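Produce the entire structure from the sequences given, and follow the hints as far as they go.
Number of protein chains: 2
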Amino acid sequence: MVTTTSSADEHMHNIQTVRRKVEHELKLNISVAELSPLHQQRLLYIPRMPPLLRGAFRVAFGDRTSAAYDVEEIEKRFPKLFGQPVVKIVPNSGGPVTIGKKLRIGVVLSGGPAPGGHNVISGLFDHLQERNKDSELIGFVNGPSGIIDCNYHILTSESIDPFRNQGGFHLLGSGRTKIETVEQFAMAREAAKKCELDGLVFVGGDDTNTNAMLLAEDFKAYNIDTKVIGVPKTIDGDLRNTYIETSFGFDTAVKVYSELVANLGYDASSAKKSYHFCRLMGRSASHITLETALQTHPNMAVIGEEVEANRQSLLSVVSDIADLVVERSKLGKDFGVVIIPEGLVEFMPDMNKLISCLNDHLASNGSSSNDPTEAVKMLDNQERELFNSLPTDFQTQLLLDRDPHGNVRLSQTESERLLITMTKSELKKRSEYKGTFSAISHFFGYEGRCSLPTNFDCNYCYALGHTSAALIEAGCTGYVATVSNLTTLPEQWECGGYPLTVMMNMERRKGKMVPVIKKALISLEDPAFKIYAKQREAWRLTEDYRCPGPIQHSGNMSEELNFTLVANSEMSN
Amino acid sequence: MVTTTSSADEHMHNIQTVRRKVEHELKLNISVAELSPLHQQRLLYIPRMPPLLRGAFRVAFGDRTSAAYDVEEIEKRFPKLFGQPVVKIVPNSGGPVTIGKKLRIGVVLSGGPAPGGHNVISGLFDHLQERNKDSELIGFVNGPSGIIDCNYHILTSESIDPFRNQGGFHLLGSGRTKIETVEQFAMAREAAKKCELDGLVFVGGDDTNTNAMLLAEDFKAYNIDTKVIGVPKTIDGDLRNTYIETSFGFDTAVKVYSELVANLGYDASSAKKSYHFCRLMGRSASHITLETALQTHPNMAVIGEEVEANRQSLLSVVSDIADLVVERSKLGKDFGVVIIPEGLVEFMPDMNKLISCLNDHLASNGSSSNDPTEAVKMLDNQERELFNSLPTDFQTQLLLDRDPHGNVRLSQTESERLLITMTKSELKKRSEYKGTFSAISHFFGYEGRCSLPTNFDCNYCYALGHTSAALIEAGCTGYVATVSNLTTLPEQWECGGYPLTVMMNMERRKGKMVPVIKKALISLEDPAFKIYAKQREAWRLTEDYRCPGPIQHSGNMSEELNFTLVANSEMSN
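Protein chains in written order, with the UniProt record's numbering: chain E, 1 to 573; chain W, 1 to 573.
If you are wondering where the hints come from, they were derived from the structure by calculation, not from laboratory data. Remember, it's a predicted structure, so these values are computed and weren't measured experimentally. A few of these clues could be false.
As the list claims (entries may be wrong) - Derived lysine-lysine pairs resembling DSSO-like cross-links, with alpha carbons at most 30 Å apart: (1) E:178 - W:530; (2) E:519 - W:330; (3) E:272 - W:518; (4) E:518 - E:178; (5) W:519 - E:272; (6) W:330 - W:530; (7) W:534 - W:519; (8) E:178 - E:510; (9) W:194 - E:333; (10) W:424 - W:330; (11) W:510 - W:178; (12) E:178 - E:330; (13) E:510 - W:272; (14) W:518 - E:273; (15) E:178 - W:333; (16) W:272 - E:518; (17) E:194 - E:178; (18) E:333 - W:178; (19) W:333 - W:220; (20) E:434 - E:272.
Here is the structure:
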């Protein structure tokens, strides 16, 4: 999976890189004395990207588009912008490098942080500066609420340089506010006018990009001349489709988790006395768990989408785990590694039903009710039985950890501990089992959201930043910036934009049908899943743990692509 | 802290390295197709070490030694071996490279795994092979119980090569059995005779090295001609003294944890809504927490030894944390990072007393008692009040999670959750506090014990392996192998051995006074602590998080030493 290039190309690339590195170092606007050596080194990294983004390009418009599903309804919701053409950035062969327009662009980071966000910003900034020194980049603070409150900074080299190729979203901060109400839309229009924005870039997941599309339509309807562009971010990897090859941050985050899970495999096989149960982030989709499985070869990985496809109950999953423990124990192995996705219980039909009944009852009780056990009394027999069969800790979590809407806060429920407790009980019923079951629980999520981005995420995000600015200059609005052909060299990547409407469908949210971007769940037909399904049997009873190691930021090892991206690209080719 | 060398030296070193790398690759006895690229690359890494270990050396004996404390008593316990001289491996200038004796050496890995263990083994193996092709290395399986059961493999290139520079202890497995009873000592003597061992190398922490010394004395007393050598291992960093500059594994493990803690710092300052409370391994000593603090600059680090020195109660530590939260909240910052050592509650005089009372009562109840709450009834008023003030979860953990001796299993108690719960309560009492306290708990420990060792740990362990074999060939027994001068280039490291008795004192264990190696706790006078104490005030209210990043295995970044090692070496110079 290491990308290669011809030596002549490589030579040219190296010369250009060295030259730019020296220029870059000279202009770096920060004191580096207090930074860690790797932090300093990463500040000097020059992201690789298609050379055409550096000026000699033009924007080509393709055919009119449609929507993924519910075409009529989507068209009705977006009368102004539905059906816009695909946009591609192409070489302006023979034409001169033109000076760009003077632009004022706003950027906002939305939702959970993901490695690479700062490079979207530096990409935007550099593109604007390279095209026209008088352009300005405005950073809205703490997520979309920064737009509503008109809370922003004008970004300069001084403010951006210390964040080049660094993890986190802390240059601007992030937030989860959405622009939803009539008042909020009005305030966003005011902000766009007040800040004289030519464009506004939303960096976020499926919800944020949906929100960007709604705002683009709203601006158009009110004749606000601010173009709105989305950038696909999420470590979960579920913002991906025919148009978006991967969301940024996934590559880095899975590699952080994979290193840790692999270490736990070796820990299990060294100490030989414990199972490590690891829950990994990814609530709606199990891409992180699947990629981590391919990277590390755990004894068992539970994939939510497969559990759902097979309509497996909680007890059935527990029984599978107990089978593994019993079989390994027969070989004298009372240790191993099991990984599960954060959203696992939501994929189980029985638990899903229980949770949605609880949510309904909790909601109907209203937040004024202090006694959530009332909701349990209102359950049907079947659900009440399931609820009563759960360990007390977990019952408490289901009832007490509720989000601001009153819903069960599943991301906080410790399903890895639930599985450990229930596996223990299940093993007591297995008369053939003579082993000792000791298990240690782990949750890996927050650790990977702000880590130093891989070279892939640095390059990808930097190109996304450039592309977003180019789309705005070309007058595009209601588009997601795309960089594709990602399994080739960054110099060969293709850049452009797809109308956000092409990836939308209608879904029920809070009781209403609304247009949203369809989340990409794992399909059992996905090449990545098939590769896993073919190998997993071999991992069950052996210790075929694979050691990807920590992310390397220089040398050959720094150019490794993740399995999911490569497998998916093979599917589309 | 990057070590440097003159360019001529570097050039020579490079030529030698390249030449050896090619030889090494040709002789590598494994199929690498299924391994990750970094795994493959690390297999080819040639550890750096003092060139004199490659043959042109002799062993020099120094002055007679004594013990750290309780000299008379230690001498009485080790009548045969007390007072042996310090041993140094020195260049055999002018002398020929002699062919070594044909030796048969056993090696055993003991206790929790630590990065680098496999390089002790490859160092031992290569040393034996380089000195005499007919020598044999025997690996005892699953810890010291492998000796008692005479369960071993003869190690060959085929078995060792796939583990070079790799993390984990899984080549042999580890275990926590000690050789303690009269029968176990007799069985160990039998094993030594049956396997015709010239030497036996114990890779382990303070307890294991104490055990090695007892066995050395026993073998001597029974005229068993097997030399016993200890190798200082522990990620906790508490096996360290005038003679041992650091234990192996600490360097790698702290760097794994530091990357994660730093990521959480950026996560906190990006999302701006949560505190991350991280408990870090290190039960008896807080070196890991201190080093992680120096690497990452958290808003607060609680150092167990300081809590003990100041005789801080649980409530007092909670109050300190609440002060931090209140002060940050006044600045609009309801987020941050707090790190604590695994063994924190044991350093609090009130909690320590409570736990030891509970242990006494639980022990006097015997394991037959099914009702641990009886032990609570037997507490004095003051302890019972403290117990009752603890959150219910934590009460349950204290009573139910008990080790095989019936003692409270503190490593499993989630003190980070205890502090979160109690901080929440404390904040309710602070009328000036208007913020929102949301906290996420983490425990980092197992993730770092088996990770790919840093170049430092690879080199250090490889040199320790060579040194151990050299000591055995020179007829030394009851020594710890030492490699010192560690902040210089590996080529300039000094190798030798210290009699294990020099670092012993008498301590009460299970009601009896026994000779043990004194654990190295943090002293408030340690340079590393002083550096931290001087800086920490600046970290409280800012987000001066430092990003060490993931461990890099090649390039300049791979040669970074940890702060604790450098600071301590400055103390001794």
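Verification of the supplied hints:
Distance restraint check for residue 178 (chain E) and residue 530 (chain W): the Cα-Cα separation of roughly 47 Å exceeds the 30 Å cut-off, and the hinted pair is therefore not satisfied. The suggested pairing of residue 519 (chain E) with residue 330 (chain W) is violated, with an alpha-carbon distance near 40 Å, which exceeds 30 Å. For the proposed pair residue 272 (chain E) and residue 518 (chain W), the alpha carbon gap of about 29 Å is at most 30 Å, so the pair holds. A threshold of 30 Å between alpha carbons decides the hint, and for residue 518 (chain E) with residue 178 (chain E) the separation of about 18 Å falls inside it, so the pair holds.
Between residue 519 (chain W) and residue 272 (chain E), the direct Cα distance comes to roughly 26 Å. Compliance with the 30 Å bound is thereby established for this hinted pair. Proximity of residue 330 (chain W) to residue 530 (chain W) is assessed by CA-CA distance (about 29 Å); at most 30 Å being required, the pair is judged to hold. A C-alpha spacing of about 25 Å is found between residue 534 (chain W) and residue 519 (chain W), which places the hinted pair at or below 30 Å, so the restraint holds. Restraint check for residue 178 (chain E) and residue 510 (chain E): satisfied, since their Cα atoms lie roughly 14 Å apart, inside the 30 Å limit.
Of the supplied pair hints, the one linking residue 194 (chain W) and residue 333 (chain E) holds, its CA atoms being roughly 28 Å apart against a limit of 30 Å. About 17 Å separates the Cα atoms of residue 424 (chain W) and residue 330 (chain W), which keeps this hinted pair within 30 Å; it holds. With a CA separation close to 14 Å, the supplied pair residue 510 (chain W) and residue 178 (chain W) stays within the 30 Å bound. Annotation: proposed proximity of residue 178 (chain E) to residue 330 (chain E) is violated, straight-line Cα distance about 53 Å (limit 30 Å).
Using a Cα cut-off of 30 Å, the hinted pair residue 510 (chain E) and residue 272 (chain W) holds, with the two alpha carbons roughly 27 Å apart. Of the pairs offered as hints, the one joining residue 518 (chain W) and residue 273 (chain E) holds, with about 28 Å between alpha carbons and a cut-off of 30 Å not exceeded. Taken as a hint, the residue 178 (chain E) and residue 333 (chain W) pair is honoured in the structure, with Cα atoms around 22 Å apart against an allowance of 30 Å. At most 30 Å may separate the alpha-carbon atoms for a hinted pair to count; residue 272 (chain W) and residue 518 (chain E) meet this at roughly 29 Å.
Restraint check for residue 194 (chain E) and residue 178 (chain E): satisfied, since their Cα atoms lie roughly 20 Å apart, inside the 30 Å limit. For a cut-off of 30 Å, the pair hint linking residue 333 (chain E) to residue 178 (chain W) stands: about 22 Å separates their Cα positions. A C-alpha spacing of about 64 Å is found between residue 333 (chain W) and residue 220 (chain W), which places the hinted pair above 30 Å, so the restraint is violated. Between the alpha carbons of residue 434 (chain E) and residue 272 (chain E) the distance comes to roughly 16 Å, so the proposed pair stays at or under 30 Å and holds.
Hint compliance for this structure: hints 1, 2, 12 and 19 are not met, and every other hint is.
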